[in-house]
Amino acid sequence: MAAGPGAVTVTRPVTPTRTARFGGNGPSGSNGGGSGGDRRGGGGQDWTPDRYRIGMWAAIGSILMLFTALTSAYIVRAGLPGSNDWQPITMPPLVWVSTALIIASSFTIVASRKALARDEMTGYERWLWVTLLLGVGFIGMQLLAWRQLVGQGVYLASNPHSSFFYVMTGLHGLHILGGVLALAFMVLRVRRQRGTSAGQGIDPKRRVATDVLGIYWHFMDGLWVYLLLLLILWR
Amino acid sequence: MAEAETIHDVIQPAAAHAHAPSMAAHHHGPPTGFIRKYIFSVDHKVIGIQYLLLAMAAVLVGMLLSVLMRMNLTWPGTAWPLLEILFPIGAKGGVMTPEFYLSLVTMHGTMMVFFVLTTAPQGGFGNYFLPIQIGAEDMAFPTLNMLSFWVTFVGFVALIAAAFVEGGGPTGGWTGYPTLNAIGGKLNVPGMGSAQNLWWNGQNLWIISIAIFCVASLLGALNFITTLLNMRTRGMSLMRMPLTCWSWFTTAILALLAFPVLLAAGVLLFLDRTADTSFFVPGGLSDGTRVLTEHNGGSPILWQHLFWFFGHPEVYIAILPGMGVTSHVLSTFARKPVFGYRAMVFAMFAIGLLGFFVWGHHMFLSGMSPYTGMAFSVLTLTIGVPSAIKTFNWIGTLWGGRIRFTTPMLFAIGFVSLFVAGGVTGIVLGQTSLDLSMHDTYFVLGHFHLVMGVAAIFGMFAGTYFWFPKMFGRMMSERLGKIHFWPTFIGVYAIFIPFHIMGIVGMPRRYASFEEYEFLRVLDPVVLFVTIAVIITVAAQFLFWYNFFWSIWKGEPAGDNPWEATTLEWSTSSPPPHDNFGGRVLTVYRGPYEFAVPGAPDDYVMQTTPDAAEENQSPLVQGGSEISGNGHNGHKH
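Quick note, the sequences are listed as chains A and B, same order. Read in order, the letters of the first sequence are residues 1143 to 1377 in my numbering. Read in order, the letters of the second sequence are residues 4 to 640 in my numbering.
The set of hints was computed from the structure by calculation and includes no laboratory data. Ideal Cβ positions, reconstructed from N, Cα and C, are used throughout, including at glycine. Please note: incorrect hints may appear among the correct ones.
[To be verified] Which bits of chain B does chain A cover? Going by a derived footprint, with three or more residues having C-beta under 8 Å, they are:
1) 218-228
2) 251-264
3) 268-282
4) 347-357
[Stated by the list, open to error] Far from chain A, by Cβ distances over 12 Å, these chain B residues were calculated:
5) Phe144
6) Ala161
7) Thr178
8) Leu232
[To be verified] The list that follows gives simulated cross-link-like pairs (lysine to any residue, SDA-like), each with its CA atoms no further than 25 Å apart:
9) Lys1347(A) - Pro33(B)
10) Lys1347(A) - Thr146(B)
11) Lys40(B) - Ser576(B)
12) Lys189(B) - Phe1361(A)
13) Lys95(B) - Tyr1297(A)
14) Lys189(B) - Asn1226(A)
15) Lys189(B) - Gly1224(A)
16) Lys1347(A) - Phe1361(A)
17) Lys485(B) - Gly602(B)
18) Lys1347(A) - Asp563(B)
19) Lys189(B) - Trp1228(A)
20) Lys40(B) - Lys189(B)
Work the whole structure out from these sequences, hints included.
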């Protein structure tokens, strides 16, 4: 957090004492000042809570609660006294492939972000493509893993463990699909921009979008690993 | 930033920073076409009004449903010819069937809790006034904002549709408890589908509607949080925000964390109903002729835990914005700073936080370890502490004020009264031993209708009368407003105090009629009294609607600041322009409730008023802060 939030400096000529006192201290004063600065141009040397990042963390908080609820339901259902219908399923082997894909995609999205930080649009675009393909591959593998399970005769309603497997992978898959759509959107934007605004520098919004999508993607990656471990270990 | 730092003006033209990258979303002119302007608008003000109109439609439906319920309870078996036209199956020959009554209960609860108590205070007023009160041009994500309204609208349509599909409206109550809810379709329970039609039935549509509503609320909450953290204008530190903003912020956090849990539970319940899973279906369940599921056991209690983990924060989602509005209005019309601003903020957060740890008190009779019950009970009673802090501070705000008894003030005082009256019975119900006999009786209905239903509605009324001039540029009729207030205020007590008595006598909730219960016959006059009170109170609400719509076109012109209030929404025109402040960026110099500042020319100092030649007069200003400084601005050393 940089010292001297926006409001202090901005308004000093008007109200030197009060503003410094009000805008610059207390648990929240610096927040207020900082965001004041953000409205006037954002980023830069001041600490400014960036709106896209805040929005993404809020979204992640709610997604986390969704899966926390499912986890608690899972744990309760697995350990329900007097119930003996819980039959752990054998993980379809393809989930390991999909897990490998999604972990790899976390690295490629970092690579694309780093390329963007170095202003290398080609590398940025390439790694974005790779991430997109890995994401699509992940969804495809998950669907094939479902096919494998069906092949074993394990369906949604077969037993609680299989129900949770389908529900959790399904809901996680939907969120990945959202990420894939966002990736596709960004790739298309790069392609379109390449024609029009070459040499004009990189839109700061793109950097933020890449950052934020990166946060989301890592979260989805971690979430998947967590779900997989839960489904395998807690049975 | 270099550019901004050199600007000394209080008011700075927006154009000066129009190229700022993070602001790109807001530098569009006002839309011109009808559809972009009024239907798919991204303007938070239009969206706020859309939410309010949606809530008004929902509250009208919900209210009429409650009248129908009262009619059936008071005169069971009577034929109402009009009903048959609307519901040829549910009310065959105009006589309400018990199942029809249950669907009335379900629709009333769902409509009111979700589409009135959740949408209007937060989606409506919050959307309209949060950005203005913090000096922003719009919400952080305007398009997302539009999306959350229209998703909510789709949820509303789904809920209305649920009442009219084949087989009748949903009958599971707004809590949607399994087991019956999970397998009702297989049992041909009315409203829950049949063996032939497991998909398109009232109960499924109910779940779909709720799930859609969850998504919409999440999008809205995300937007609120981001807006508040990121979009405050120069000088608007967190502790200078009006308490309304704090309440919307707390509510948004609660919504963000609570609705996903309901969404997860809804998905599981939907699968139980349609895909033969058994998350909530217990094992060995039989309808007398056959075993209904091959599985050996899910848990209906699991649903209750998930539901109430959402459900209890939900009641705070309903009431917290009302608390914010009440503080705001009380301070304005008592011409005094909010007593204990900082304590109010912390109390609100404490209520929100504790709200996540008390869900078990809805389930004392579902079978839980006495120790668990005790823990939930103690935590529940703890909520009394921050609630008492708030009540105490409201009274402290009123104390010694030069009170202006305007209509919004009356409703705000009414809120305090109802909150206390409904809150004290929460202390009764929060104790396991007492809840044993009160559970699922009219006592519970009396409790939560007063504290989360009517009190929250009074908060909305206070907000409507208070902010109407800002929203539409005209005053609502004070005379009609006061005529509206008294029958409403007396009416709701006349309805819900008897509920407590009925509950103590032992009248169970959700029963379609009590004809067969001899011991309840003694209550017949009370039941009739309540129904008459309901009819009068409901009739009085049409005064409000008349006043509302009449005043939009015919009310007295309001001016920018008719109430002589201090916060930023009163620093702009009524109604505010498309970008809220006409290209100005406001600077905030002080806390939100600087009324009766000694030495100030008026009895109120607006947040945007700079200290005139503050170097010379600083002792005076500081003196003012000392006197009104019971923590209300929270910035003193």
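message: Can you confirm whether chain A covers the region 251-264 of chain B, using C-beta to C-beta distances below 8 Å and requiring at least three such residues?
response: Per the Cβ count (6), the hint holds.
message: Check the hint pairing Lys189(B) with Gly1224(A) against an upper bound of 25 Å on the C-alpha distance.
response: holds, 24 Å
task: Take the C-alpha atoms of Lys485(B) and Gly602(B), compute the straight-line distance between them, and say whether it is at most 25 Å.
output: It is violated: about 34 Å lies between the C-alpha atoms, which goes past 25 Å.
field: Thr178(B) non-interfacial with respect to chain A [C-beta, more than 12 Å]
entry: holds, 16 Å
query: Has the given pair, Lys1347(A) with Asp563(B), been kept, meaning a C-alpha gap of at most 25 Å?
result: The given pair, whose Cα atoms are some 37 Å apart, is violated under the 25 Å limit.
Minimum Cβ-Cβ distance from Ala161(B) to chain A exceeds 12 Å: Non-interface label stands for Ala161(B): nearest chain A Cβ at 19 Å, farther than 12 Å.
- prompt: When you check the alpha-carbon spacing of Lys95(B) and Tyr1297(A), does it fall within 25 Å?
  reply: violated, 42 Å
- request: Go check the region 347-357 of chain B versus chain A for me, would you? Three or more residues, Cβ under 8 Å, otherwise it fails.
  value: It is violated, with 0 qualifying residues against the three required.
- request: Would you check chain A against the region 268-282 of chain B, counting CB to CB pairs closer than 8 Å, and say if three or more residues qualify?
  value: Held - the region 268-282 of chain B has 9 residues with a Cβ nearer than 8 Å to chain A, which meets the minimum of three.
message: Please verify that the nearest CB of chain A lies beyond 12 Å from Leu232(B)'s CB.
response: Leu232(B) is in fact no farther than 12 Å from some Cβ atom of chain A, at 5 Å.
query: Taking 25 Å as the top limit, are the C-alpha atoms of Lys189(B) and Asn1226(A) close enough?
result: holds, 23 Å
- request: Three residues minimum, CB to CB under 8 Å: does the region 218-228 of chain B make the cut for coverage by chain A? Let me know.
  value: n = 5 at 8 Å, threshold three: holds.
When each numbered hint is compared with the structure, violations occur for hints 4, 5, 8, 12, 13, 17, 18 and 20.
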